[in-house]
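Please build the complete structure, drawing on both the sequences and the hints.
Top to bottom, those sequences are chains A and B. If you read the first sequence in my numbering, its first letter stands for residue 1358, the second for the next number, and so on. If you read the second sequence in my numbering, its first letter stands for residue 1358, the second for the next number, and so on.
Hints listed in this document are in silico derivations from the structure and should not be mistaken for laboratory results. Just so you know, even glycine gets a beta-carbon here, dropped at the ideal spot from N, CA and C. Any given hint might turn out to be false.
[What the hints assert, rightly or not] Residues from chain A shown here face chain B by an in silico Cβ test under 8 Å; the list is partial:
hint, residue
1, Val1402
2, His1441
3, Glu1442
[Claimed, not checked] Mimicking EDC-like on lysine to aspartate or glutamate, the simulated pairs with C-alpha atoms at most 16 Å apart in a straight line are:
hint, chain 1, residue 1, chain 2, residue 2
4, A, Lys1446, B, Glu1534
5, A, Lys1363, B, Asp1474
6, B, Lys1446, A, Glu1534
2 protein chains.
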Amino acid sequence: MRVEQKTKRVKIAGMGRALAGEKINFGHQTRYRLLPGQTILELGVEAADQALKKSGMRIEDMDCIVCAMATPLQAIPCNAALIHEKMAKGSSISAIDINTTCTSFISAVDIFSCLVDIGRYENILILSGDTASAALNMEQRESYELFSDGAAACVLTRAEKGDLSEILYSRQETWSEGAHDTEIRGGCGLMPAFCMNEGNRDDYYFDMKGHRILKLCAKKLPDFVDRCLEDARISRDDIHVVIPHQASRALGIIMPRLGFPRGKYIDRVEQYGNMVSASVPFALCEAEETGRVRRGDLVLLMGTAAGLTANFLLMRY
Amino acid sequence: MRVEQKTKRVKIAGMGRALAGEKINFGHQTRYRLLPGQTILELGVEAADQALKKSGMRIEDMDCIVCAMATPLQAIPCNAALIHEKMAKGSSISAIDINTTCTSFISAVDIFSCLVDIGRYENILILSGDTASAALNMEQRESYELFSDGAAACVLTRAEKGDLSEILYSRQETWSEGAHDTEIRGGCGLMPAFCMNEGNRDDYYFDMKGHRILKLCAKKLPDFVDRCLEDARISRDDIHVVIPHQASRALGIIMPRLGFPRGKYIDRVEQYGNMVSASVPFALCEAEETGRVRRGDLVLLMGTAAGLTANFLLMRY
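Next up, the structure:
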């Protein structure tokens, strides 16, 4: 279903990012893992505090805390309530989780830009980050050597008169042929922790079928990107920089095939690996800090997530 | 922050509901639990199929599948991707999870009514339901005898010319003083399944501190409800029926204290118990089937959820 999209007059007022404390190397690839006792809650708060500071706002100015994370910290309550407890206890700020796994941040910006535009909320704090290291299987080298623990956050707010910022277009599709190509089968409702035994222990680890994902992406992504650009009436040349989900080292193969040559997109897989839901906002935050993204630039956030879900969001930063 | 709210011209086009297969009784209280091999995925699909049928629509007409559930089925991917696989494999319908625990359905209607109103999506399938029985602790009788496994679903779509349906007002607040009053600490990122041992096994069960929740609700809820009604410029007399979250047998004490006497609200705790995220849509669906709710009626969906989160949503059904 093709629906004409209204431009949303919102802006990212500030961003922040935080890395886990242990730095490890696999060849030239650097990864970060939580230190004993360190949690994604702490990293999330660190990133969110930076985002608030850069926005010139305080937590009291927010009216919604959104955790756009791929994995739960506890089965109950939602992640946003646990972040709320660390940052906003005693307040009545709303707390909501949005989850489309690795592209949750893009989905959250997509959804909450509509809510800000329509006046349902005014100032939103969005946090992403996952405890990747909690479920990595040393036996599956492809994923064990790929992931990092990190967090990133942003303040999303109404664009003021004179601001160039806006969300021009967003699209999300899910292709559930790939629902089991990236998964953690155990630990939750379908296979509780109590059911773990020596025979099914592997089901509680992160399990990635990299080859199958690449095959499904090769089949679906080029057409998806072409349709989005056509719908948005934007050409690849109009785009200043693409921030893709830092899915894997295959980024350097996939992005040129989608029509984005080296230099047009951010690739920090060697430096940070795949930080699950934090990858996109972390890369955007770093790009803003280094001057690679400036106010008014046309930026494309995109990526694929477990599901398989694909996101495409065009914003004037 | 008080923001003037726009009325959203959306309607619930159809609803459905499904109960787990095992019926058990604790005194006069009836509860439902999943049969061996039965899952919330099946119940969700059953409820969603009914909702589509009553709407006169097919899954192909939907452009977004939203799982508004309190608990994950797997840590990865999100619940909506797993439902998508059962109902919409081969399609490109978007799949998103929204989680505010027990009031997730109200939050999803709140959020997606804005997205439909602004034209981001057109037809949304919302499903709620949780595997409560997967984490119940026989030692904690208060919760063990309270919960049921069930699912409910609705199709949310644009209201046509002549339709009376609309969302008039919605508000959500989180009071994280109560973040640990209802929780499942283990199984996910903060305490993975691998960490379970004889000493911490209880952390992997659902844990409810009923007395503390009631105390926090007594302190916060009356003022919350008063403020919402004042903001919405609606009096209690204008409301045809209140559909509260079926939190516990204390409903009959709390609701009159909030100014809603017996007969004004739906109480099905004796018949079904607390079905977590499914409670509100299940009760709304049943009320519609029995004629208790009719088109054009002013209906209040409300409740408190683990977090502690409170939701209040006024709709003309």
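Status of each hint after checking the structure:
Taking 8 Å as the C-beta cut-off, the interface hint given for valine 1402 (chain A) is violated, the closest approach to chain B being about 13 Å. Here the hint on histidine 1441 (chain A) is kept, as its CB sits about 4 Å from the closest CB of chain B, short of 8 Å. Using the Cβ-Cβ criterion of 8 Å, the hint placing glutamate 1442 (chain A) at the interface with chain B is satisfied: the shortest such distance is roughly 4 Å. Between lysine 1446 (chain A) and glutamate 1534 (chain B) the alpha-carbon distance is near 6 Å, which keeps this suggested pair within the 16 Å criterion.
At roughly 11 Å between alpha-carbon atoms, lysine 1363 (chain A) and aspartate 1474 (chain B) fall within 16 Å of each other, so this suggested pair holds. Taking the CA atoms of lysine 1446 (chain B) and glutamate 1534 (chain A), the gap is near 6 Å; set against the 16 Å cutoff, the hint holds.
The structure does not agree with numbered hint 1 stated previously, though it agrees with all others.
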